[in-house]
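Assemble the whole structure, with the sequences as input and the hints as a guide.
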Amino acid sequence: MLAAAGARATFFLLGRNVEEAPWCGDPARARAVAVRAAREGHVLGNHTYSHLRPDKWREVAADVRRGEGVVRAIRREAGVADGPVPFRLPYGIRLVEQMVVSQAGTINSVALDPRVPVIASLGLAHQHWTSDFDDWTLQPSGGPALAGKMVAHVEECAALGLDAVLDLHDSGTGSSFGYSRPATVEGVRLLLEEARRRKWKSYTVP
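If you read the sequence shown in the working numbering, its first letter stands for residue 196, the second for the next number, and so on.
The hints are simulated quantities; they were obtained by calculation from the structure and are not laboratory data. Just to be clear, a hint being listed does not mean it is correct.
[Claimed, not checked] Simulated crosslink set (EDC-like; lysine to aspartate or glutamate; CA at most 20 Å straight-line): (1) Lys344 with Asp327; (2) Lys394 with Asp365; (3) Lys396 with Asp277.
[Unchecked claim] Derived Cβ-Cβ restraints for the label pairs, each shown as a range: (4) Asp221 with Met196: 32 to 42 Å; (5) Ala227 with Arg392: 26 to 36 Å; (6) Ser304 with Ala273: 40 to 50 Å; (7) Ser297 with Ser336: 45 to 55 Å; (8) Met196 with Ser304: 40 to 50 Å.
For clarity, every value in this text was computed on a predicted model and none was experimentally measured. Beta carbons are placed, not taken as given, at the ideal position from N, Cα and C, and that holds for glycine.
If you want it as structure tokens, here you go:
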């Protein structure tokens, strides 16, 4: 679908979804999909190996390195030039609410995501988005509504002089099993049709 529209995307891969392939049960098939994406000109990024939750920040550095290793191996297999690997944290950057207990009592506070200094120590920048569309929650018929939201968001960004970075999800995100996302596929197809009518251009990040 992307090839037919002349569009390229950035795919932030979970290393586990390639090497263990819980979403399809076939690591060879999973790897072939990733290699094909790289060969067709899409950018492969690192979404860590395991999709750990923010409270597991002490384990993040090793998980990031392991995920990057998978992406670099796929690039080599695809014959794609090596270079920096774009990175995106699972769940994005969060503010973390916490309760601090002291002798004087307790207070509630909000702190920056503890994973941010971890990725800074690894020399990584975070590739964020301008909107996440919760597409993993959609019923199969939700494609047209998703497309409408994406089109409206692109318009909102354009009014601010910004390019839109749309965050969508594949069938294995963060789960130990896989399922199809027909609403996401249809939503992207409709978005690309509208983009062609309006002469919008796609791009990859970073």
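Among the hints numbered above, which are violated by the structure, and what are their numbers in rising order? 2, 3, 4
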